[in-house]
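Q: Sequence lines, in order, name chains X and L.
Sequence positions in the first sequence follow the numbering used here and run 1 to 337.
Sequence positions in the second sequence follow the numbering used here and run 1 to 367.
Hints in this document: simulated from the structure, not taken from any laboratory.
Take the hints with a grain of salt, since some may be wrong.
[Stated by the list, open to error] Chain X stretches covered by chain L per the calculated footprint, using a threshold of three residues with CB under 8 Å from any CB of chain L:
no. : region
1   : 65–74
2   : 85–98
[As the list claims (entries may be wrong)] Simulated restraints on C-beta separations:
no. : chain 1 : residue 1 : chain 2 : residue 2 : range
3   : X       : Lys287    : L       : Ala212    : 54 to 62 Å
4   : L       : Leu131    : X       : Lys223    : 29 to 37 Å
5   : X       : Ala74     : L       : Ala153    : 19 to 27 Å
6   : L       : Met33     : X       : Arg300    : 53 to 61 Å
7   : X       : Asp65     : L       : Ala212    : 20 to 28 Å
8   : L       : Ile91     : X       : Arg300    : 51 to 59 Å
9   : X       : Val202    : L       : Pro149    : 42 to 50 Å
10  : L       : Ala210    : X       : Pro126    : 35 to 43 Å
11  : X       : Gly63     : L       : Trp54     : 56 to 64 Å
[As the list claims (entries may be wrong)] To spell it out: a stretch of chain X is covered by chain L in this simulated footprint if at least three of its residues, at any positions, have a beta carbon under 8 Å from a beta carbon of chain L; those stretches are:
no. : region
12  : 155–162
13  : 167–174
Even for Gly, the Cβ is constructed at its ideal location relative to N, Cα and C.
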Amino acid sequence: MKRLLAFTACAGFLAAATAANAADPVTIQLKWVTQAQFAGYYVAKDKGFYKDANLDVTIKPGGPDIAPEQVLAAGGADVIVDWMTAALAAREKGVPLTNIAQIFQREGLELTCLKSSGVKSPKDFPGRTLGVWFFGNEYPFMAWMNKLGYSTEGGPKGVTVLKQAFNVDPLLQHQADCISTMTYNEYWQVIDAGIKPSQLVVFKYSDEGVGVLEDGLYANGDKLKDTAYADKMARFVAASDKAWAWAVKNTDAAAKIVLAADTTGAQTEKHQEVMMKEIAKLIVDSKNPIGYLDPKDYDRTVEELEAQKIITKKPEGAWTHDVWDASKKWFDPTKKM
Amino acid sequence: MGRDYILIAALLAGIVAPFLSVGNAESWPTAAMALWIVALAAAAILLLPLSASWAAPLAIGGAAVGAVALYLLLDAGARGLAAPGLWLAMIALAFLVWRAMERSAALGARTKSRFLDLAAPILLGIWIVYLWQAIIVGFDVPHVLLPPPTEIAGAIFSSTGTLVADFVQTFIRSMIPGYAIGCGAGFLVGVLVDRIPFFQRGLLPLGNLASALPIVAVAPIMVMWFGFDWQSKAAVVVIMTFFPMLVNTIAGLAALGRFELDLMRTYAASYGQTLRMARLPAAMPFIFNALKVNSTLALIGAIVAEFFGTPIVGMGFRISAEVGRMNIAMVWATIVVAAVTGSAAYGAISLVERSLTFWHPSLRKVA
Numbered sequence: 001m002k003r004l005l006a007f008t009a010c011a012g013f014l015a016a017a018t019a020a021n022a023a024d025p026v027t028i029q030l031k032w033v034t035q036a037q038f039a040g041y042y043v044a045k046d047k048g049f050y051k052d053a054n055l056d057v058t059i060k061p062g063g064p065d066i067a068p069e070q071v072l073a074a075g076g077a078d079v080i081v082d083w084m085t086a087a088l089a090a091r092e093k094g095v096p097l098t099n100i101a102q103i104f105q106r107e108g109l110e111l112t113c114l115k116s117s118g119v120k121s122p123k124d125f126p127g128r129t130l131g132v133w134f135f136g137n138e139y140p141f142m143a144w145m146n147k148l149g150y151s152t153e154g155g156p157k158g159v160t161v162l163k164q165a166f167n168v169d170p171l172l173q174h175q176a177d178c179i180s181t182m183t184y185n186e187y188w189q190v191i192d193a194g195i196k197p198s199q200l201v202v203f204k205y206s207d208e209g210v211g212v213l214e215d216g217l218y219a220n221g222d223k224l225k226d227t228a229y230a231d232k233m234a235r236f237v238a239a240s241d242k243a244w245a246w247a248v249k250n251t252d253a254a255a256k257i258v259l260a261a262d263t264t265g266a267q268t269e270k271h272q273e274v275m276m277k278e279i280a281k282l283i284v285d286s287k288n289p290i291g292y293l294d295p296k297d298y299d300r301t302v303e304e305l306e307a308q309k310i311i312t313k314k315p316e317g318a319w320t321h322d323v324w325d326a327s328k329k330w331f332d333p334t335k336k337m
Numbered sequence: 001m002g003r004d005y006i007l008i009a010a011l012l013a014g015i016v017a018p019f020l021s022v023g024n025a026e027s028w029p030t031a032a033m034a035l036w037i038v039a040l041a042a043a044a045i046l047l048l049p050l051s052a053s054w055a056a057p058l059a060i061g062g063a064a065v066g067a068v069a070l071y072l073l074l075d076a077g078a079r080g081l082a083a084p085g086l087w088l089a090m091i092a093l094a095f096l097v098w099r100a101m102e103r104s105a106a107l108g109a110r111t112k113s114r115f116l117d118l119a120a121p122i123l124l125g126i127w128i129v130y131l132w133q134a135i136i137v138g139f140d141v142p143h144v145l146l147p148p149p150t151e152i153a154g155a156i157f158s159s160t161g162t163l164v165a166d167f168v169q170t171f172i173r174s175m176i177p178g179y180a181i182g183c184g185a186g187f188l189v190g191v192l193v194d195r196i197p198f199f200q201r202g203l204l205p206l207g208n209l210a211s212a213l214p215i216v217a218v219a220p221i222m223v224m225w226f227g228f229d230w231q232s233k234a235a236v237v238v239i240m241t242f243f244p245m246l247v248n249t250i251a252g253l254a255a256l257g258r259f260e261l262d263l264m265r266t267y268a269a270s271y272g273q274t275l276r277m278a279r280l281p282a283a284m285p286f287i288f289n290a291l292k293v294n295s296t297l298a299l300i301g302a303i304v305a306e307f308f309g310t311p312i313v314g315m316g317f318r319i320s321a322e323v324g325r326m327n328i329a330m331v332w333a334t335i336v337v338a339a340v341t342g343s344a345a346y347g348a349i350s351l352v353e354r355s356l357t358f359w360h361p362s363l364r365k366v367a
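Construct all of the structure, not just a fragment, from the sequences and the given hints.
A: Structure follows, in structure tokens:
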């Protein structure tokens with residue numbers, strides 16, 4: 001009996017001790033499947049940056065028909081990787097999303113056309129069939145068509161829009177004249193399918209002046225009012241920024257880490273290495289350090305969304321520099337590594 | 001007759017409720033209180049032994065008045081667990097609605113009126129919608145998770161044009177051709193299998209395989225083969241509806257009894273005459289069974305196939321795109337259209353079945 005009591009007491013102390021040292025749990029919902037687009041988070045987990053920051057991070061891969069804003073609204077994630085267009089649209093519907101870090105400083109969205117279809121410039125779009133992704137990715141396209149003055153309902157003066165699945169088949173099967181691609185992913189799938197870059201005409205959204213901010217980190221703005229939670233987010237941003245800074249300098253090693261983390265086995269090493277190099281181009285910026293949201297880019301995105309009536313009024317409190325400023329305590333991206 | 005414990009519980013709960021806190025509303029609005037007292041009076045009168053023709057309208061009226069009273073209370077600001085008075089009153093109202101459904105079902109049985117028979121299910125439907133609205137409003141449920149019925153109705157009325165265009169694309173242009181081809185092919189192959197038994201061994205397993213293919217795997221392949229428009233969706237519907245129709249046609253053609261077959265033989269009827277005059281009519285119940293099942297499958301197939309590549313119109317596209325935009329009210333509006341369409345299609349086929357298979361024992365009236 002005495003031994004049982006002693007054992008229970010020891011077990012209790014041990015449990016209390018472990019609880020006291022337990023890391024803070026954080027769940028991040030990615031915007032798409034495991035790939036180099038999210039290398040920073042996998043690198044941070046693999047190299048122990050999260051552990052050093054006393055965080056126990058669960059990375060949830062996304063996929064077709066997973067809207068990260070909904071996962072956060074339902075309480076399934078603390079922080080999500082999302083595009084600003086979808087985040088602001090969801091914010092207006094009542095989901096309290098706040099940008100705590102902007103990872104991609106440049107846009108990777110582009111429209112890729114076959115030269116053989118005869119499209120040489122946006123002036124050739126009327127009467128054509130264009131593949132567009134939905135699920136939050138259609139806003140830049142709608143903004144561009146609005147700017148050009150083309151209707152999306154079809155007809156000789158407008159464009160016919162196809163809801164493109166997340167692949168490049170419509171271009172390969174000649175079902176569409178142009179399709180949506182990312183500079184780092186689907187474009188290379190087209191190249192891998194045997195089409196040569198000389199056979200393609202590419203329109204980058206950023207060049208057309210209709211780029212809107214892409215991958216950023218968003219958290220529940222209401223929860224950020226709690227100092228302990230805000231501190232947890234700041235540590236997360238710091239560890240993630242540190243990992244991104246390493247990844248853009250060591251692209252092949254980062255690609256290997258992502259490949260090892262891919263449980264589906266769908267990714268190939270070559271594809272991930274190319275993707276990581278392209279992603280690095282979107283992150284490294286001469287003006288803005290990693291994770292810093294440039295208010296000018298934010299204003300530009302909001303203006304486009306308002307003009308397109310995707311949001312009806314200017315969002316309040318949709319972004320904050322507080323978390324990024326606090327994160328500099330642990331990792332300052334402005335200092336040379 | 002025993003005491004109606006449910007009504008007594010309703011009365012007790014209804015009397016205690018106004019004394020409990022109602023949260024932000026502070027106290028019951030006068031109109032709400034007056035209507036609630038009327039509802040309680042109706043419940044009290046229901047305890048007396050009344051004839052069904054008095055009890056049913058009284059119960060329904062009492063429940064309706066009570067529902068209005070509680071909605072006024074909700075409007076005044078009663079929210080969440082800080083307002084137990086509201087929720088206790090809601091429980092009392094639930095019991096009263098239960099008794100109202102019971103009394104109207106009894107009245108329907110008594111007067112054998114088809115119209116009154118529907119009263120109880122309609123009451124249940126209205127109660128569910130009311131409870132849905134009350135819970136969403138009362139517990140401040142975020143509308144992106146579940147929109148209230150008022151918002152869904154708003155979406156239906158403000159986007160009628162879009163919903164009609166989607167209905168035409170999915171139901172008329174994709175589902176109906178697919179349904180006709182799938183059921184037609186299933187029927188013809190069934191007759192072929194019956195005529196030439198050699199095919200039975202080969203075709204039935206193939207048909208089984210076709211029906212076991214998951215839509216989410218087949219749909220993208222069909223899009224690749226037939227393009228983005230209605231043709232690929234119709235192809236998916238064909239694959240889904242072929243096998244049920246085939247199996248039911250074969251079973252139906254085997255259904256005619258030996259006596260009737262022998263009778264046709266004594267009349268020197270050819271295969272074709274036997275088929276047309278005796279075997280096909282006997283197969284009708286089976287064929288209509290397949291048609292009814294297929295109507296549901298076809299609608300599901302057409303909508304799900306649209307998730308995988310579509311021009312930007314169609315019910316499946318609307319659901320998928322509006323979920324991405326967090327316009328959940330529009331998603332529900334499309335769901336309502338799909339539910340009504342599916343039920344109407346099923347009902348229409350049942351009506352045709354009733355006229356063609358009037359001789360079947362299941363449809364003959366008991367004397």
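Q: Each hint should be assessed against the structure and marked as holding or not.
A: Now the hints, each set against the structure:
no.: 1; hint: 65–74; verdict: holds (count 6)
no.: 2; hint: 85–98; verdict: holds (count 6)
no.: 3; hint: X/Lys287 x L/Ala212: 54 to 62 Å; verdict: 57 Å, holds
no.: 4; hint: L/Leu131 x X/Lys223: 29 to 37 Å; verdict: 31 Å, holds
no.: 5; hint: X/Ala74 x L/Ala153: 19 to 27 Å; verdict: 24 Å, holds
no.: 6; hint: L/Met33 x X/Arg300: 53 to 61 Å; verdict: 56 Å, holds
no.: 7; hint: X/Asp65 x L/Ala212: 20 to 28 Å; verdict: 23 Å, holds
no.: 8; hint: L/Ile91 x X/Arg300: 51 to 59 Å; verdict: 54 Å, holds
no.: 9; hint: X/Val202 x L/Pro149: 42 to 50 Å; verdict: 47 Å, holds
no.: 10; hint: L/Ala210 x X/Pro126: 35 to 43 Å; verdict: 42 Å, holds
no.: 11; hint: X/Gly63 x L/Trp54: 56 to 64 Å; verdict: 60 Å, holds
no.: 12; hint: 155–162; verdict: holds (count 3)
no.: 13; hint: 167–174; verdict: holds (count 3)
When each numbered hint is compared with the structure, no violation occurs for any of them.
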